[in-house]
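Just so you know, the sequences run in chain order A and B.
Numbering follows my numbering, with no gaps: position 252 of the first sequence is 252.
Numbering follows my numbering, with no gaps: position 98 of the second sequence is 98.
Accuracy of the hints is not assured; some may be wrong.
[As the list claims (entries may be wrong)] Derived DSS-like pairs: lysine-lysine, alpha-carbon spacing no greater than 30 Å straight-line:
#1 B:K39 / A:K345
#2 A:K360 / A:K414
#3 A:K360 / A:K400
#4 A:K501 / A:K703
#5 A:K341 / B:K131
#6 A:K429 / B:K175
#7 A:K25 / A:K360
#8 A:K501 / A:K586
Think of the hints as simulated: they come from the structure by calculation, not from any bench.
Quick caveat, the model's predicted, so the values are computed rather than measured.
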Amino acid sequence: MALDTVAIAATQPETVQPWRELGLKEDEYTRIREILGRRPTSSELAMYSVMWSEHCSYKSSKVHLKQFGEKAPHSDALLVGIGENAGVVDIGQGYAITFKIESHNHPSFVEPYQGAATGVGGIVRDILTMGARPIAVMDPLRFGPADAVDTRRVLPGIVAGVGGYGNCLGLPNIGGEVVFDATYAGNPLVNALCVGVMRHEDIKLATAHGTGNLVVLFGAKTGGDGIGGVSVLASETFASGKAAKRPAVQVGDPFAEKVLIECSLEIFTEDLVIGIQDLGGAGLSCATSELASAGSGGMSIQLDKVPLRDPSLSPEEILMSESQERMCAIIEPTKLARFMKICRKWDVTATVIGQVTEGKHLEITFNGELIVDVPPRTVAHDGPVYNRPMARPAYLDTLKATVLPEVKTATAIKSELLALISSPNIADKSWVTDQYDRYVQGNSVLAQPEDSGMIRIDETTNLGVAISTDANARWSYLDPYNGAKLAMLESCRNIATTGAKPLAVTNCLNFGSPEDPEVMWQFAETVRGLADLCLEMGLPVTGGNVSFYNQTGSVAILPTPVIGVLGVIQDVTTRTKMGIPAAGLKIVQLGNTAENFSGSEWAHLHGQMGDRAPTPDIAAEVRLIDLLLEAQPLFESAHDLSDGGLAAALTESTLRNNIGATIELLGALIPGGVSAGLFAETPGRILVTVDPANFEALRALAKERDIPFHPIGTSGGDALVINGATIPLTELRQAHTETLPRLFG
Amino acid sequence: MRIGVVTFPGSLDDSSALRAIRLAGGTPVPLFHASDDLKEVEAVVLPGGFSYGDYLRCGAISRFAPIMSSIIVAAEHGFPVLGICNGFQILCESHLLPGALTRNQGLHFVCTDQPLIIENTSTPWTSGYIKGDRLVIPIKNGEGSFQASTETLHQLESEGRVVLRYADSNPNGSKNDIAGISNARGNVVGVMPHPEQAIESLTGPSVDGLAFFTSILHSLVGR
């Protein structure tokens with residue numbers, strides 16, 4: 001095919017172009033012609049098509065996401081906010097933390113191993129790009145029914161991919177979620193979170209300025225993988241009968257990324273870069289246009305200098321390729337020699353592919369011919385914006401209240417509890433998490449299944465951070481506004497349960513098609529809820545990710561806002577664990593239980609959804625967090641009550657150290673009786689153990705904070721005994737741990 | 001007491017090994033694969049990780065690193081070498097230790113707190129233990145199944161060169177539950193579990209790994 005140059009485009013305006021095949025809409029193509037005053041060249045069309053995709057441009061979500069800015073609380077901790085590769089917060093002692101969560105849902109369905117692996121690789125490069133050393137990852141995962149045939153294809157591949165890539169990078173995997181629901185069949189969710197640490201002065205930004213400075217591409221060579229990944233895969237709904245999309249999934253090489261990390265960190269240490277950007281979705285199109293757009297605007301690139309794995313690639317393909325493990329840096333010419341020396345040390349290929357120029361245009365040549373001449377801002381930032389129609393979903397008017405069995409006798413308590421804690425969503429997840437290295441780097445203070453992951457940042461001062469990710473998609477389905485709030489509150493509670501103070505928020509918003517007004521309404525309500533809560537709690541949103549089109553045919557996934565909260569702990573040696581550590585301790589439930597099973601795992605087990613999400617009591621949640629932090633020295637263990645309610649929490653806390661408990665729930669005092677006491681998922685509750693000597697002190701503190709205080713039992717023995725129902729720990733463990741190995745081998 | 005830790009491209013537990021040496025009271029010295037300079041260290045640790053991405057075979061490329069040529073020569077003259085996980089694999093590929101580490105029986109990467117029994121306390125890396133000591137140390141690998149010919153296994157057993165054995169359950173199908181072995185002289189030891197990740201109660205399942213690092217310091221002092 002002949003090279004389509006700017007000169008040809010200007011003289012041959014009538015050439016028919018494949019804008020539709022590249023995922024553009026007709027009005028979008030018209031707009032590109034207006035911007036350029038001519039038809040785009042095929043290379044320009046390639047760039048606009050990937051950069052104006054839903055995945056890169058946030059064209060359907062932008063009008064809603066701006067609330068995060070409008071309602072942003074004042075925060076002294078925020079160093080870099082939304083818009084950069086990842087947000088950065090100050091945690092004191094000169095340290096800054098960057099963290100972010102992203103989705104890689106569609107590629108992981110098409111090719112589970114590589115899709116999940118490159119999802120980890122992409123988020124790790126975002127963190128590295130900020131100038132930070134990546135220190136941990138987490139992976140919230142969602143699948144179709146655990147016993148579905150396709151889940152058996154998708155889950156082992158995704159888990160192996162997350163592990164295969166993360167383990168090889170030397171990043172401890174310290175948490176996440178594994179959730180099963182029918183709506184994720186055909187639409188598994190692979191979200192990946194990465195945390196990094198740096199000194200304040202080391203923060204790097206994605207910007208290109210200083211005429212004459214060099215544009216250097218370093219890392220892996222460019223190949224034909226992942227072409228159109230963002231536009232074709234991530235921005236369209238799967239429909240049956242279409243041709244295989246596997247070539248659009250990237251292929252990862254974690255070893256290349258590991259040396260790229262070490263090489264980049266050494267380059268950062270010597271302060272050799274002006275700006276830096278990783279190559280992820282939309283590849284070079286994204287990196288060059290974003291760097292130029294965030295800088296002075298002018299950049300020239302010689303595309304034929306890009307090192308290729310496949311020499312037959314066309315310029316359009318080079319611009320769209322999503323080959324992994326590549327970075328783009330802007331450096332001063334005087335620093336090039338030192339830069340190249342470090343790259344040679346790590347065996348990393350580095351090539352000067354262009355320079356920062358005067359003017360406001362991004363110009364790309366191929367063998368001397370001008371093939372791209374665009375204002376970079378029009379590619380990177382001035383994409384289309386849609387205010388899509390919204391409609392309150394009709395299903396909300398047909399919801400039915402739950403009708404669940406009364407659990408009163410010892411036999412019923414035992415059988416319902418065992419059924420719940422062996423159900424795939426509540427069962428022990430070691431089959432998954434034992435495939436991830438949680439120890440590497442030697443700073444993992446807490447890892448799954450603890451309430452939050454915790455990493456030591458400074459060995460001398462014991463400063464640390466805690467991270468938790470949470471979502472309750474069924475509550476979001478019932479009430480997206482409150483569902484989002486409840487997810488974030490749970491995440492904050494998980495942070496405080498381990499002894500850390502919530503500091504900042506990231507999110508990954510997974511939804512169906514934005515072209516469906518009911519989905520768009522769910523999305524808008526979710527963002528409104530999150531933005532309101534962040535303002536109320538004074539926590540900044542530091543960045544996030546939107547994943548639309550998670551639906552097969554007309555069935556969308558449950559609205560799934562996954563919320564990640566970062567917390568700080570001044571002394572990690574004081575952290576609280578979830579396991580009951582000894583016999584003879586008093587067991588206390590902080591917070592009241594309400595009779596509402598809607599959206600709970602117990603209702604799900606009985607095939608019901610229910611009709612109303614709980615209404616969050618934000619003031620009470622804030623008081624509870626304060627109590628958890630203040631009373632932390634009094635706790636021998638603490639565990640958040642959420643999925644599976646008290647039944648699940650007691651199971652997890654007793655099995656952790658194999659120390660039993662005797663519990664007496666006074667059903668008459670609990671609305672909904674023992675059933676609610678054990679299985680309701682009322683938010684704002686924590687299970688703690690205290691030494692009898694500290695019991696009254698805790699009671700007094702709880703009273704002071706106006707937090708309900710319910711002594712429910714004593715630790716000890718080799719069984720979990722609840723209102724006379726005796727479940728030996730061996731039997732409890734067998735029920736809790738057998739499910740996943742039985743399903744997945 | 002200077003103890004070196006080699007960083008290969010793709011080494012991951014090098015920083016933890018350096019920390020372990022420091023917490024044991026030694027002077028940790030980072031060594032780089034591309035140089036043959038041992039920087040006057042008195043013993044060396046080959047850390048865990050995925051050197052060269054484990055491409056071809058685990059350890060197969062690292063064995064040709066310039067630093068390895070110095071280590072192989074020194075080890076043949078009694079220089080103490082500890083290979084942990086990927087380091088163990090490199091020692092097998094270098095023929096400093098017999099046998100090979102193959103894909104785990106269950107075909108999964110396994111990260112777990114593994115009960116172990118100390119079998120041999122005559123090596124400079126295990127002299128601080130008592131034979132029969134029960135340890136809990138993390139394992140984390142995808143290719144940790146120790147395999148060797150019947151004759152080699154017989155030789156290892158009869159010469160008391162099995163240093164560490166899996167207790168309770170065999171996590172990966174290793175022959176004779178072998179988790180670690182030594183060469184005939186005892187100065188070269190390879191173990192699949194990660195003692196450097198069981199140094200502090202804050203971050204590890206135990207502090208049972210610390211004695212590997214205090215042992216070598218005592219052995220070098222008493223030499």
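Each hint tested on the structure:
no.	hint	in the structure
1	B:K39 / A:K345	holds, 19 Å
2	A:K360 / A:K414	violated, 71 Å
3	A:K360 / A:K400	violated, 59 Å
4	A:K501 / A:K703	holds, 21 Å
5	A:K341 / B:K131	violated, 50 Å
6	A:K429 / B:K175	holds, 29 Å
7	A:K25 / A:K360	holds, 27 Å
8	A:K501 / A:K586	holds, 25 Å
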